[in-house]
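There are 2 protein chains.
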Amino acid sequence: MSILVVGSVALDTVKTPAGERVDALGGSATYFSVAARNFTPVSLVAVVGNDFPKQHINMLKKHKVDLDGLEIADGKTFRWSGVYSGDLNDRTTLSTDLNVFAAFEPKLPDNYKKTPFLFLANIDPTLQLNVLKQVKKPKLTACDTMNLWIENKQEELRKLLKSIDIFFLNEPEAKMLTGRGNLFKAAQEIIKMGPKRVIIKKGEHGAILFSSNSVFCLPAYLLDDVVDPTGAGDTFAGGFMGYLAKAGKVTDAVLRNAIAYGTVMATFTVEGFSLDKLAKVTQSDINKRFNNFKKLVSF
Amino acid sequence: MSILVVGSVALDTVKTPAGERVDALGGSATYFSVAARNFTPVSLVAVVGNDFPKQHINMLKKHKVDLDGLEIADGKTFRWSGVYSGDLNDRTTLSTDLNVFAAFEPKLPDNYKKTPFLFLANIDPTLQLNVLKQVKKPKLTACDTMNLWIENKQEELRKLLKSIDIFFLNEPEAKMLTGRGNLFKAAQEIIKMGPKRVIIKKGEHGAILFSSNSVFCLPAYLLDDVVDPTGAGDTFAGGFMGYLAKAGKVTDAVLRNAIAYGTVMATFTVEGFSLDKLAKVTQSDINKRFNNFKKLVSF
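If you're matching them up, the sequences are chains E and P in order. Mapping of the first sequence onto the numbering used here: residues 3 to 301, in sequence order. Mapping of the second sequence onto the numbering used here: residues 3 to 301, in sequence order.
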């Protein structure tokens with residue numbers, strides 16, 4: 003089954019111990035769609051400015067991401083800039099220039115409205131709600147969020163969560179949203195807010211999938227060389243949702259494999275700047291790393 | 003096969019969000035031996051003062067820990083006191099009173115010298131080396147350490163590591179010892195210092211076993227109620243070494259199960275203050291949790 007993703011397409015300026023990139027391709031919807039496209043058809047809704055390099059459009063087209071929903075607006079593309087600490091565990095945002103994204107009002111092409119799988123990447127919950135209103139009862143709706151919306155738009159976020167099947171957020175966000183230090187308790191409280199399942203992302207420590215009556219936990223895939231963690235979470239979500247949509251059903255076994263595929267896809271992203279590595283990944287690369295990962299955690 | 007453990011037996015005063023305990027039973031060798039005793043015979047070498055409560059001796063005897071090597075010296079027992087943060091991820095040491103431990107010179111009873119498995123719990127590397135000299139070529143030697151020795155006794159620690167088969171340390175310690183932010187690279191450097199295998203403990207994020215040509219990684223077992231993390235690492239080592247000694251051989255499959263059993267044993271420790279829960283665990287509790295853990299991480 004196919005996925006519709008609504009999120010950001012951006013130009014990122016990033017500095018890590020491995021080097022620096024200026025105005026490199028980034029954005030939650032970008033990482034998500036290229037990752038998911040290895041498993042299933044993907045349509046993308048986002049906005050870029052008329053300064054957005056043609057080569058990035060070509061790359062997305064080469065990956066057969068459906069770009070009918072990519073609006074090209076007058077003005078500059080959304081830009082983000084950040085710097086990572088020496089051990090890559092912390093990052094500082096240096097600047098966020100919304101540019102054309104400031105006036106973004108996602109409008110779905112008619113043929114997008116019957117999407118079976120919907121992923122609302124990390125954007126303002128008001129926009130996420132707006133998209134949700136336009137679609138016709140998807141088989142599965144998932145979303146991501148960030149600390150900014152938990153702080154400033156929690157009412158809208160909570161309204162959104164009532165209609166969400168799978169909610170992605172990271173560990174500090176889960177604690178912030180619930181005021182709970184224990185992840186198990188935090189997840190159970192979030193499930194009471196609406197989502198059937200919660201995926202708590204722990205970065206280099208892996209991810210945990212919670213439902214009301216089960217837990218599944220995986221460590222991250224250990225790499226000897228991490229270049230740039232930007233986009234890892236969005237790639238994880240793309241691999242997860244891509245595998246799920248391809249399977250077309252939500253069983254315990256499918257969900258577990260989806261978490262593993264999400265983890266595997268994220269490793270390619272962090273091994274390079276921007277989508278340098280992710281965009282070049284082959285099915286054989288994915289299968290090989292999936293099998294290695296299975297070996298890494300089996301006992 | 004049996005294990006000899008050399009380490010501390012202490013009285014701990016601990017404050018966590020769940021409550022407070024004054025002069026409760028603690029110490030690395032205590033947690034280790036009670037955990038390992040579920041798998042294999044254990045002999046303990048340590049020192050306590052003549053104020054050490056008889057009830058603790060009785061508990062250890064009830065668990066059939068061989069106490070021929072437990073010296074009872076004139077003076078007070080080693081005391082440690084600490085307080086945990088609200089989310090239990092940080093702890094502050096309030097006081098460390100070595101007392102009789104200050105003059106501790108481990109002397110092994112003759113029948114201990116041929117131990118097949120030796121665990122040098124976290125004590126001064128000079129003492130660890132001293133014990134190593136007294137034993138006759140054990141089948142397997144493992145040790146733990148802490149930041150204090152990496153800072154102040156690194157030369158002795160490095161000398162010790164040349165004779166170690168399995169080295170336990172936590173994530174910040176591995177980074178401190180090697181100056182490497184990447185755990186994979188840190189572990190490979192440590193292996194060059196001597197140990198055949200390194201186990202990096204990540205607390206609530208699990209543990210990773212490295213050898214020169216393989217990696218095995220497990221998350222921690224998620225608990226909905228953590229009372230007191232004190233002793234978790236020593237219990238982990240006890241479960242790991244206990245399982246290994248019981249198996250009597252060091253294969254990849256045995257090592258993986260040993261990490262899982264170590265993880266499972268540590269959950270009992272953190273569910274109560276001191277050894278309250280750990281000391282009451284049955285074989286059936288262990289098996290049940292081991293099977294649950296397997297389910298938690300399988301895909």
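Keep in mind that the hints were calculated from the coordinates and are not lab data. From a predicted model like this one, the values you see are computed outputs, not experimental measurements. Accuracy of the hints is not assured; some may be wrong.
Note: identical chains are not told apart, hence a pair may lie in one copy or across any two.
What the hints assert, rightly or not - Mimicking SDA-like on lysine to any residue, the simulated pairs with C-alpha atoms at most 20 Å apart in a straight line are: (1) 177 x 65; (2) 204 x 259; (3) 155 x 292; (4) 116 x 296; (5) 282 x 111; (6) 116 x 250; (7) 64 x 105; (8) 297 x 215; (9) 297 x 252; (10) 187 x 60; (11) 64 x 22; (12) 297 x 256; (13) 141 x 53; (14) 177 x 87; (15) 155 x 96; (16) 198 x 165; (17) 155 x 207; (18) 204 x 174; (19) 141 x 94; (20) 138 x 153; (21) 198 x 226; (22) 64 x 99; (23) 279 x 76; (24) 198 x 42; (25) 187 x 224; (26) 17 x 95; (27) 296 x 256; (28) 141 x 55; (29) 187 x 20; (30) 297 x 186.
Here is what the structure says about each hint:
1. Proximity of residue 177 to residue 65 under the C-alpha cut-off of 20 Å is found in neither arrangement, the shortest distances being 37 Å within a copy and 40 Å between copies.
2. Within a single copy, residue 204 and residue 259 get their C-alpha atoms as close as 18 Å, which meets the 20 Å cut-off; across copies the closest is 24 Å, which misses it.
3. In the homo-oligomer, the alpha carbons of residue 155 and residue 292 never lie at most 20 Å apart, since the shortest distance is 37 Å inside one protomer and 42 Å across protomers.
4. Within a single copy, residue 116 and residue 296 get their C-alpha atoms no closer than 35 Å, and across copies no closer than 39 Å, so neither meets the 20 Å cut-off.
5. With identical chains, the CA atoms of residue 282 and residue 111 are never at most 20 Å apart, being 29 Å at best within one copy and 63 Å at best between copies.
6. Taking the shortest alpha-carbon separations for residue 116 and residue 250, only the intra-copy value of 15 Å comes in at or below 20 Å, while the best inter-copy value is 60 Å.
7. Within a single copy, residue 64 and residue 105 get their C-alpha atoms no closer than 28 Å, and across copies no closer than 72 Å, so neither meets the 20 Å cut-off.
8. Within a single copy, residue 297 and residue 215 get their C-alpha atoms only as close as 27 Å, which misses the 20 Å cut-off; across copies the closest is 13 Å, which meets it.
9. For a Cα distance limit of 20 Å, the shortest separation of residue 297 from residue 252 across copies, 18 Å, qualifies, whereas the shortest one inside one copy, 24 Å, does not.
10. Taking CA atoms no more than 20 Å apart as the test, residue 187 paired with residue 60 passes in neither setting, with 45 Å inside one copy and 37 Å between copies.
11. Taking CA atoms no more than 20 Å apart as the test, residue 64 paired with residue 22 passes in neither setting, with 26 Å inside one copy and 62 Å between copies.
12. In this assembly of identical chains, the alpha carbons of residue 297 and residue 256 lie at most 20 Å apart whether taken from the same copy (18 Å) or from different copies (14 Å).
13. Taking the closest pair of Cα atoms, residue 141 and residue 53 never come within 20 Å of each other, the shortest separation being 36 Å inside a single copy and 67 Å across copies.
14. Proximity of residue 177 and residue 87 under a CA criterion of 20 Å is satisfied inter-copy only: 15 Å between copies versus 23 Å inside one chain copy.
15. Taking identical chains as interchangeable, the C-alpha atoms of residue 155 and residue 96 are never at most 20 Å apart, the minima being 22 Å within one chain and 41 Å between chains.
16. Taking the closest pair of Cα atoms, residue 198 and residue 165 come within 20 Å of each other only inside a single copy of the chain (9 Å); across copies the shortest separation is 52 Å, beyond that limit.
17. Proximity of residue 155 to residue 207 under the C-alpha cut-off of 20 Å is found in neither arrangement, the shortest distances being 28 Å within a copy and 30 Å between copies.
18. In this assembly of identical chains, the alpha carbons of residue 204 and residue 174 lie at most 20 Å apart whether taken from the same copy (9 Å) or from different copies (17 Å).
19. Taking the closest pair of Cα atoms, residue 141 and residue 94 never come within 20 Å of each other, the shortest separation being 37 Å inside a single copy and 49 Å across copies.
20. Within a single copy, residue 138 and residue 153 get their C-alpha atoms no closer than 30 Å, and across copies no closer than 62 Å, so neither meets the 20 Å cut-off.
21. Only between protomers do residue 198 and residue 226 lie at most 20 Å apart by alpha-carbon distance; the minimum there is 19 Å, versus 35 Å within a single protomer.
22. Proximity of residue 64 to residue 99 under the C-alpha cut-off of 20 Å is found in neither arrangement, the shortest distances being 28 Å within a copy and 67 Å between copies.
23. Taking CA atoms no more than 20 Å apart as the test, residue 279 paired with residue 76 passes in neither setting, with 30 Å inside one copy and 65 Å between copies.
24. In this homomeric assembly, residue 198 and residue 42 never come within 20 Å of each other (Cα to Cα): the closest approach is 23 Å inside a single copy and 44 Å across copies.
25. Taking the shortest alpha-carbon separations for residue 187 and residue 224, only the inter-copy value of 10 Å comes in at or below 20 Å, while the best intra-copy value is 27 Å.
26. Taking identical chains as interchangeable, the C-alpha atoms of residue 17 and residue 95 lie at most 20 Å apart only when both belong to the same chain, with a minimum of 11 Å there against 37 Å between chains.
27. Taking identical chains as interchangeable, the C-alpha atoms of residue 296 and residue 256 lie at most 20 Å apart whether they share a chain (15 Å) or sit on different chains (17 Å).
28. When the C-alpha separation of residue 141 and residue 55 is checked against a cutoff of 20 Å, the pair qualifies neither within a copy, at 35 Å, nor between copies, at 63 Å.
29. For a Cα distance limit of 20 Å, the shortest separation of residue 187 from residue 20 across copies, 15 Å, qualifies, whereas the shortest one inside one copy, 38 Å, does not.
30. Taking the shortest alpha-carbon separations for residue 297 and residue 186, only the inter-copy value of 16 Å comes in at or below 20 Å, while the best intra-copy value is 27 Å.
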